[in-house]
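J.: The primary structure of each chain is shown beneath.
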Amino acid sequence: MNLDIQGVSKQYERKVWALRNFTLELGPGVLGLLGPNGAGKSTLMRILATIANPSEGAVKWNGADIAREPDALRNVLGYLPQDFGVYPNLNAVEFLEYLAAVKGIEAAAARRRIDELLELVNLTEARKRPLGGYSGGMRQRVGIAQALLNDPELLIVDEPTAGLDPEERVRFRNLLSELSGERIVILSTHIVSDVEATATGIAIVSKGRLLAHAAPEALLAGLEGKVWEWVLASEELAAARQQFLISTVTRRSDGVHARVVAEAAPGPNAQRVAPTLEDAYLHAVSQSQRQAGS
Amino acid sequence: MRARVLYQIARADFLERVRRYSFLVTLAFTLYAAFEVNRGNIVVTLGNYRGVYNSAWLGMLLSLTATSLITMVGFYVIKNTVERDRQTGVGQILAATPIGRVSYLAGKALSNLAVVGVIAGILLCAAFAMQLWRREAAGIEVWQLVGPFLLLTLPALAFLSAVAVLFECVPGLKGGFGNVLFFFLWVSFLAAGIQTHAGYLDLLGAGFIERSVRQTAQQLPGYDGGFSFQMGPHSGQRFETFVWNGFHWTGTVVGQRAFWFLAAFGLILLATAFFDRFDPSRGMIHRAAAAVGRGARRARREEEESAGGTPAETIREIPRAAAGHLTPLGTSAVGGRFGAVLAAELRLMLKGRSKWWLLVALGLCIGSFAAPAGEARGKVLAFAWLWPVLIWSAMGTREGRNGTAPLIFSSSRALERQLPAVWLAGVLLALVTGAGMGVRSLVAGDWVHLAGWLVGAMFIPALALAFGVWSGSSKLFEGLYTAWWYAGPAQPTAALDYMGASPDLSAHIPAAYLVATLVLLGVAAAGRRRQIRN
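Just so you know, the protein sequences line up as chains A and B, in that order.
So that you can map any letter, position 106 of the first sequence is 105 in numbering that gives the first Met the number 0, and since no number is skipped, the others follow by simple counting.
So that you can map any letter, position 75 of the second sequence is 74 in numbering that gives the first Met the number 0, and since no number is skipped, the others follow by simple counting.
The hints are simulated quantities; they were obtained by calculation from the structure and are not laboratory data.
Here the structure is a predicted model, which is why all the values come from computation and not from measurement.
Glycine included, every Cβ here is placed at the ideal spot set by N, Cα and C.
Any given hint could be a false lead.
Derived lysine-lysine pairs resembling DSSO-like cross-links, with alpha carbons at most 30 Å apart [to be verified]:
{"id": "1", "chain 1": "B", "residue 1": "K350", "chain 2": "A", "residue 2": "K127"}
{"id": "2", "chain 1": "A", "residue 1": "K206", "chain 2": "A", "residue 2": "K225"}
{"id": "3", "chain 1": "B", "residue 1": "K378", "chain 2": "B", "residue 2": "K350"}
{"id": "4", "chain 1": "A", "residue 1": "K127", "chain 2": "B", "residue 2": "K378"}
{"id": "5", "chain 1": "B", "residue 1": "K350", "chain 2": "B", "residue 2": "K173"}
{"id": "6", "chain 1": "B", "residue 1": "K354", "chain 2": "A", "residue 2": "K127"}
{"id": "7", "chain 1": "B", "residue 1": "K173", "chain 2": "B", "residue 2": "K354"}
{"id": "8", "chain 1": "A", "residue 1": "K206", "chain 2": "A", "residue 2": "K59"}
Derived Cβ-Cβ restraints for the label pairs, each shown as a range [to be verified]:
{"id": "9", "chain 1": "A", "residue 1": "G135", "chain 2": "B", "residue 2": "V253", "range": "26 to 36 Å"}
{"id": "10", "chain 1": "B", "residue 1": "L14", "chain 2": "A", "residue 2": "Q286", "range": "33 to 43 Å"}
{"id": "11", "chain 1": "A", "residue 1": "P35", "chain 2": "B", "residue 2": "R532", "range": "39 to 49 Å"}
{"id": "12", "chain 1": "B", "residue 1": "A11", "chain 2": "A", "residue 2": "I190", "range": "27 to 37 Å"}
{"id": "13", "chain 1": "B", "residue 1": "S353", "chain 2": "A", "residue 2": "I190", "range": "41 to 51 Å"}
{"id": "14", "chain 1": "B", "residue 1": "R532", "chain 2": "A", "residue 2": "Q286", "range": "29 to 39 Å"}
{"id": "15", "chain 1": "B", "residue 1": "L325", "chain 2": "A", "residue 2": "A66", "range": "26 to 36 Å"}
{"id": "16", "chain 1": "A", "residue 1": "A57", "chain 2": "B", "residue 2": "R346", "range": "34 to 44 Å"}
{"id": "17", "chain 1": "B", "residue 1": "R528", "chain 2": "A", "residue 2": "A291", "range": "45 to 55 Å"}
{"id": "18", "chain 1": "A", "residue 1": "V92", "chain 2": "B", "residue 2": "Y6", "range": "30 to 40 Å"}
Next up, chain A with everything else stripped away, as it sits in the complex:
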């Protein structure tokens, strides 16, 4: 099982590139795709989901070019787009039965699968209610269920936890971890904590380019000794922001506790702390912005 993204670029309008020369090779596991808004994550997802063609480069699924042979991938693809809709007059079972037919799943197998999926996404009680009356979070769970309908080998989920309450969010993260065994899962998000809990690999994207691709441990190791907790006065914060990359700020009685990513201690009372993925992500994005600026 192999997904090979070879030098993929996507141009939407003249001189507007959503992706530039994106190369990545993936095997089974959960890839967390992190990047700021407009980084090109959704464009990459659409290309991988075979609903957009790359302007340059190729994507190969087990050696087959998905632009030429999309069905080789579509048969084993589960896709949860960032924005999707439902048919409001159908209930969850009918909607999933419809999509199961479109995906070519046998009726008996589909029925069993739909029961299990509705149980899994906690919609069994609401299964007979028209989807038009569902809340945003419930629709999102229907979306998750449809992505898993055909037991996909490649599961692409774009901002899957948007609209989910904290409990459902944790539930979905656990589900992704359980599913990741013998399949490739690509989880696109800008919420680092979602990735932290599930990803076996992380790709950081900014302005259409791949900035880093590594295991979470490797990304964290790269920042070892470069993250500091620094207590400073409130009025010093603005100046510190100009000078350093500050990932988080917490206000306490003794002053502002700033988490700073820097080679050397930003101040005399700065304490070295263990890096997090959020630090690594912000560091990678800010470095690329600095390089682009210079």
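With chain A held as given, fit chain B onto it using these hints.
T.: Coordinates of chain B only, in the frame set by chain A:
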């Protein structure tokens, strides 16, 4: 302040619309209409006469063309201004501002007027250009060219703009039913205006135009009293010409035309009563329904409480499932049959239809069996195949409108399996609703009508699918199909009869529509291919 708000609402909406690709298509259509006028395929004639193409005649002719075309086609172009705010979510933002309903809807109507006004403006420019091009009369008289546009076309367009806003606000008229109903209202309204000769009912001003040009033509030798405004290929007949010097704008006439502005404002005020301010629970009808519902719920609650039962509205805690389990799907479970997709599409197509809809469809189906042969049977079939228009019009647009496109288009063989299933579901619907006609033609050995019926059942969904896939909206099919239905099978006019309803059907008509069906299916497939891989 209010004028500025009105202006900004109209401006933003106008700019959003004219910067869309579809507006370019509308402009191209307008230029084509002007070209047809210049070719003599859109004419006003009085028996064997037509006017010399001076400023007065061209102003009248192009103004009448603009008013006739825009009041019909324009409705389908502009009837989406409130809906766009609903779909884009801008409406939610606007609803949270202090803007009043009247200001909002008046701004939207003004934007509608600006859009159709641009279209009319193009035809006005065409009138100038035609006078220079044809050189039948020297000297351009600006008022003679502009006057009819200002006093005849503009009031009609203002009224149309308000009608479109009203249709968007009234719950039952928002969707496809409103699109179909508008066509019949338009035809009836037009006919009533011309026949009654009452200026206040004559939206197009056609009666006023007729009286004005007739007055001059009365003195022409051999004038038979006829007046005709024709659109379509001209017969090659050569007309005598006469000079017409324009309208005599009396205070009464100007007052009659100004009435339509007043009527437009009245419609906007009426629309405010139905406008839900982007909260479906706030519209007039919903408020009434909610009041009825509240009463019913209260009665039920009281009944339950008196019986010691559990109140119906108690929300039960949904139990959280423990760790989930998914049985792996074997490879044999995936592969799928076409029949399953077809059944799924059929179910989707019919889901949500009321039992009344089904009952009427059943009645028309039975009627097509019971109706006597000949024209009556054709009429029943025509109605049987008008009734499902809103189901067909959703074909090809459903995926985009409901946001399911990425889910369906990323499935295997979406083009080869799902698209044909959608079409075939539409064909099956046509076959069932018009079954009587087919069965009786078969029994009678009337092969031409049988072929016409069969081809019609294939043609309608193909047309809907092609229009839906390429326009992304159901309005194009709803408007055009209804007009085609009216001009073709309902009259019946043999050449336009795509369903074989005319008694004097010849074999080459179904053959032509079969070819058209194949072309439309190809067009739909090409459009869907483009949607799947962009």
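J.: Each of the hints needs a verdict: does it hold here or not?
T.: Status of each hint after checking the structure:
Distance restraint check for K350(B) and K127(A): the Cα-Cα separation of roughly 14 Å lies within the 30 Å cut-off, and the hinted pair is therefore satisfied. At most 30 Å may separate the alpha-carbon atoms for a hinted pair to count; K206(A) and K225(A) meet this at roughly 25 Å. Pair hint K378(B) plus K350(B) holds up; C-alpha atoms about 28 Å apart against a cutoff of 30 Å. For the given pair, K127(A) sits about 41 Å from K378(B) by alpha-carbon distance, which is inconsistent with the 30 Å threshold.
For the given pair, K350(B) sits about 19 Å from K173(B) by alpha-carbon distance, which is consistent with the 30 Å threshold. Pair hint K354(B) plus K127(A) holds up; C-alpha atoms about 19 Å apart against a cutoff of 30 Å. In summary, the hint linking K173(B) to K354(B) is supported, as the alpha carbons are separated by about 21 Å, within the 30 Å threshold. Distance hint between K206(A) and K59(A) is fulfilled; the C-alpha atoms sit about 23 Å from each other, no more than 30 Å.
Between G135(A) and V253(B) the beta carbons are some 54 Å apart, a value that contradicts the proposed interval 26 to 36 Å. Judged by the Cβ atoms, the range 33 to 43 Å given for L14(B) and Q286(A) holds: they are separated by roughly 40 Å. Range check, P35(A) to R532(B): about 27 Å between beta-carbon atoms, so the 39 to 49 Å window is missed. Checked against the hint of 27 to 37 Å, the C-beta distance between A11(B) and I190(A) comes to roughly 33 Å, which is consistent with it.
A hinted range of 41 to 51 Å holds for the C-beta pair S353(B) and I190(A), which are about 43 Å apart. For the pair R532(B) and Q286(A), the supplied restraint of 29 to 39 Å holds, since their beta-carbon distance comes to about 35 Å. Distance hint check: the CB atoms of L325(B) and A66(A) are about 31 Å apart, consistent with the given range 26 to 36 Å. At about 39 Å, the beta-carbon gap between A57(A) and R346(B) stays in the expected band of 34 to 44 Å.
Between R528(B) and A291(A) the C-beta distance comes to about 37 Å, which lies outside the given range of 45 to 55 Å. Evaluation of the 30 to 40 Å hint for V92(A) and Y6(B) yields a failure: the beta carbon distance comes to about 50 Å.
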